[in-house]
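Asks: The primary structure of each chain is shown beneath.
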Amino acid sequence: MRFLLRIQTGARTDLGRVRKNNEDSFHLEPSLQLYVLSDGMGGEAHGEVASNLAVQTIVTHCQQSENSRATPTFGDAQPDVSERTNRLASAIHLANRKVFEMAAANPEKKGMGATIVAAWIEGQRLSLAHVGDSRAYLLRAGTLDQLTADHSLVAEKVRIGILTPQEADASELQSVLTRAVGTNANVQVDSNEQMLLVGDTLLLCSDGLNRMVTDPEIASTLLTSTSAQEAADRLIELANEYGGMDNVSVIVLRVTQKSDGVLDRLKVWKRNSG
Amino acid sequence: MSRLLLKFENSILKEIPLGTRPVTIGRAPDNDIPIDNLAVSNYHARVYVEAGSLVVEDLNSLNGLFLNDIRVERAMLKDGDSILIGKHQILVDQLHDAALPADAWRKAPVPRVNETMVLDTHERRKLLEEAAAAGERSQLSPERMRVPTLTVLQGRTDQKEYRVAGKLTVIGHSEMATVRLRGWFTPDIAAQINKHEDGYYLGRGDRVPKINGVPISGLTKLNDGDLIEVGRVRLNFLFRE
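Top line first, the protein sequences correspond to chains D and Z. Counted the way my numbering counts, the first sequence spans residues 1 to 274. Counted the way my numbering counts, the second sequence spans residues 1 to 241.
Hints are supplied without guarantee of correctness; some may be wrong.
[Said to hold, decoys possible] Computed footprint of chain Z on chain D; a stretch qualifies when at least three of its residues, placed anywhere within it, have a C-beta under 8 Å from a C-beta of chain Z:
| hint | region |
| --- | --- |
| 1 | 5-12 |
| 2 | 96-105 |
| 3 | 144-151 |
| 4 | 168-174 |
| 5 | 194-200 |
[As the list claims (entries may be wrong)] List of simulated lysine to aspartate or glutamate pairs, EDC-like, C-alpha gap at most 16 Å:
| hint | chain 1 | residue 1 | chain 2 | residue 2 |
| --- | --- | --- | --- | --- |
| 6 | Z | Lys7 | Z | Asp81 |
| 7 | Z | Lys14 | Z | Asp32 |
| 8 | D | Lys20 | D | Glu44 |
| 9 | Z | Lys195 | D | Asp145 |
| 10 | Z | Lys195 | D | Asp80 |
| 11 | Z | Lys195 | D | Asp190 |
| 12 | D | Lys20 | Z | Glu115 |
| 13 | Z | Lys87 | Z | Glu9 |
| 14 | Z | Lys7 | Z | Asp32 |
| 15 | D | Lys110 | Z | Glu115 |
| 16 | D | Lys20 | D | Glu48 |
| 17 | Z | Lys210 | Z | Asp226 |
| 18 | D | Lys109 | Z | Glu115 |
| 19 | D | Lys110 | Z | Asp120 |
| 20 | Z | Lys7 | Z | Asp36 |
| 21 | Z | Lys221 | D | Asp145 |
To be clear, the hints were calculated from the coordinates, so they are not data collected in a lab. Virtual Cβ for every residue (Gly too), placed ideally from N, Cα, C.
Same shape as in the complex, but just chain D:
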């Protein structure tokens, strides 16, 4: 594929207004068009350790697999997604193993874990993988859609129809996850794909954002910001304004331009030939 998207990035993490440490981690790897965000859990500073280890493991594994196709894979490959998407899921399986092993080797770190949401872009195709309740949203042509399904107790209950979204929003069980990286020897990773279009905005965030800020507010902030970084800053400010009950992290990716496309070349040719 000769299509290359230009991705404008913005990102920020913040302690929020209640917590004493920031357990979120994120990493932008523009050379790979790989973007990873994680929300750690576990007492003391262990949440930070877990989220940081998970993010670094994923970036390193994806980098290695770019350099060598012989890089081993972890977890079962899914037949209904591309090799690239399976590679991203494999990185999360490896991160799970690393965090789990660290927790097993250090009794004081027992119970530590992390959520993950990761986006990897190749050509026009977005590979997306996640575990836990960190989310990916897509703003396209003015409409915001959540691309990930939370692995939380209340969200799973809403999906099977035994809880209403209103009850979920008011529930005290919102912090109970059904899956996390590093809390079990194995983890189930959700992955999906999407073809990106010029004008799309992709948002990765920890639950510190979407618990404080509604989807319509997220959409209007993304729409009215002049840059990806401005959008990231404004989203964090909004979460804090509404209480900042948790750490909050966002990665904003704006698909601004497509270069070297056939259509572009055709337009240039048409213009030149008058």
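The hints should help you fit chain Z onto chain D, whose structure is shown.
Replies: Chain Z only, in chain D's frame:
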């Protein structure tokens, strides 16, 4: 509408209407009911609606929370209840119009009371059993056994019928498209279908597709028998045995 009355000794200091938003009580000034007294923790307690019931909950305060003179961590409230925080009393005044105002726009921010935790294996199994029971009730299962397909009704494509097998199905001129559209000036990616846990969703590409004649806005769930139009191509989305 229900309300809380903040009382100190014999005077009512404040009246707080109850909506869908949780009401927080504490010494910090950003609480809905700030109480400037050293016996009160910064974020001492909150009152909120859960599954239609009013609930009071201690937010790990130092000096605790008393409901009708009994110390509680968390309790359901009824009309006439008295909550004691430090030396302040909060009375529950529940009127009979049970309907709470729909505050749909602004999310009721629920503070994270507990640290994030993961369900243990036992709890997870329980949830799966509940899911299975719910599935049987709504009889969702038969559709899962069937394969989604796209049948071409009109337009130039490379096949007459397609199986929607992957998580991503691209409709367009692109080499990576599952449904390959022919013809000059056909966009590489005209539209796309995504498989999610609960079904198949149609999204736009460089064209805005229509479902049953209506242009979509955002990702739109496909139902068995839907007619999809992308440019001049018409496709029928059907589940087959």
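Asks: Run through the hints listed earlier and report the numbers of any the structure violates, in increasing order.
Replies: 1, 2
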